[in-house]
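From first to last, the protein sequence lines are chains C and U. Counted the way the working numbering counts, the first sequence spans residues 121 to 289. Counted the way the working numbering counts, the second sequence spans residues 121 to 289.
Derived by calculation from the structure, the hints in this document are not laboratory data. There may be inaccurate statements among the hints.
Copies of the same chain look alike in the list, so a pair counts if it fits in one copy or across any two.
[What the hints assert, rightly or not] The calculated EDC-like cross-link candidates involving lysine to aspartate or glutamate, where the alpha carbons are at most 20 Å apart (straight line), are: (1) K220 / D134; (2) K205 / E151; (3) K205 / D274; (4) K205 / D138; (5) K156 / D140; (6) K205 / E273; (7) K156 / E202; (8) K156 / E206; (9) K214 / D134; (10) K220 / D274; (11) K220 / D138; (12) K220 / E273; (13) K214 / E151; (14) K220 / E202; (15) K156 / E276.
Quantities reported herein were computed from a predicted structural model and do not represent experimental measurements.
Chain by chain, the residues run as shown.
Number of protein chains: 2
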Amino acid sequence: MDATTEALQDAGVDPRLDRDASNCSIARTLEVVGEKWTILILREVYYGSSRFSEFERVLGCPRNLLAARLRMLVEEGILATETYKEPGSRSRPKYVITPKGVDLVPAVMGLLQWGDRYRADPEGPAMLSRHRGCGAHVDAQIRCDRGHAVQPEDIESVPGPAFRLRSAE
Amino acid sequence: MDATTEALQDAGVDPRLDRDASNCSIARTLEVVGEKWTILILREVYYGSSRFSEFERVLGCPRNLLAARLRMLVEEGILATETYKEPGSRSRPKYVITPKGVDLVPAVMGLLQWGDRYRADPEGPAMLSRHRGCGAHVDAQIRCDRGHAVQPEDIESVPGPAFRLRSAE
DNA sequence: TTGCTGAGTATGGAAAAGTAAACTCAGATG
DNA sequence: CATCTGAGTTTACTTTTCCATACTCAGCAA
Chain C
121 MDATTEALQD AGVDPRLDRD ASNCSIARTL EVVGEKWTIL ILREVYYGSS RFSEFERVLG
181 CPRNLLAARL RMLVEEGILA TETYKEPGSR SRPKYVITPK GVDLVPAVMG LLQWGDRYRA
241 DPEGPAMLSR HRGCGAHVDA QIRCDRGHAV QPEDIESVPG PAFRLRSAE
Chain U
121 MDATTEALQD AGVDPRLDRD ASNCSIARTL EVVGEKWTIL ILREVYYGSS RFSEFERVLG
181 CPRNLLAARL RMLVEEGILA TETYKEPGSR SRPKYVITPK GVDLVPAVMG LLQWGDRYRA
241 DPEGPAMLSR HRGCGAHVDA QIRCDRGHAV QPEDIESVPG PAFRLRSAE
């Protein structure tokens with residue numbers, strides 16, 4: 121424990137409990153993708169859907185919520201709209217993933233593999249993820265920048281540049 | 121496209137759109153950890169909190185929801201209860217992570233790193249994750265079983281053993 | 001025996017999600 | 001031109017979830 125931390129604790133302030141927990145990347149990510157349906161919409165985009173009617177058909181979610189979630193995802197830059205036109209129909213918007221949306225794949229893979237392990241049907245998962253080309257099973261894992269595989273218990277969380285204590289109440 | 125898939129499509133059935141999307145490991149994981157506060161409670165457990173009052177203090181979430189979420193996490197085997205006793209106080213329950221809970225770390229790391237990239241303060245993240253010992257920055261990445269780093273666009277999703285079509289409506 | 005503390009439980013109002021149905025409107029059809 | 005069509009939006013209503021706060025309860029202590 122360094123001198124600053126010790127001084128704080130002497131004053132009854134615990135950096136772990138008195139930090140500003142709203143200033144957290146997990147909380148902020150959940151502000152964007154933490155509502156019901158949002159992650160499932162992204163899953164369908166990853167699986168190849170792009171049209172309003174496709175999402176509605178496969179998810180069975182309320183149309184007003186689907187419209188609201190798509191609007192939010194586009195505003196956030198996770199999806200983008202393009203137009204498509206079926207012969208004999210007018211042109212309509214479709215939704216495609218952006219690089220910002222692609223960067224959510226590791227998080228979604230993490231949820232997927234936990235479900236595969238603990239909540240899948242007895243016979244196994246409904247979908248399998250393979251490495252295109254090599255064909256091997258794919259999963260999310262934790263690595264450090266030196267390329268070592270990291271066990272969760274070997275992750276050390278330390279205050280970063282934007283660490284803040286909660287303002288006085 | 122194989123013969124079966126082709127035959128299905130001739131019958132107007134699209135495996136992608138007409139599959140049973142509730143039979144999905146992502147959806148099932150979200151049934152457990154998709155409610156508000158649940159992931160944030162786990163975050164605090166990873167950071168070292170274990171007591172009801174600690175969660176309440178740092179999260180600022182309603183006590184009834186906190187109690188409900190903790191109960192759910194224990195029922196699901198993601199947390200377990202132990203007892204602790206402060207000198208001069210009666211013994212009380214505390215909450216500790218189980219191996220099943222540790223297996224959610226990759227998913228949470230995925231959310232964390234997306235937030236670090238797109239939603240952090242200008243000066244950087246509030247918390248940093250380091251590999252204990254080597255000290256290098258840690259993140260969630262996608263790998264195949266042969267150890268190759270996999271780009272999201274190189275993930276191929278194919279029907280697995282429990283793939284099901286939606287039952288006729 | 002009165003008060004204190006940590007860990008909940010209970011409750012009433014606010015917000016979000018779910019449901020169903022009506023509305024919009026560009027292009028196809030007649 | 002008038003009408004139809006259907007993806008997408010809006011609206012109105014019900015149900016569920018969330019939130020804030022007050023209350024309970026068991027053991028310790030003065």
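> Going through the earlier hints one by one, which of them does the structure break, listed in rising order?
Replying inline: Of the numbered hints, 1, 2, 3, 4, 6, 7, 8, 11, 13, 15 do not hold.
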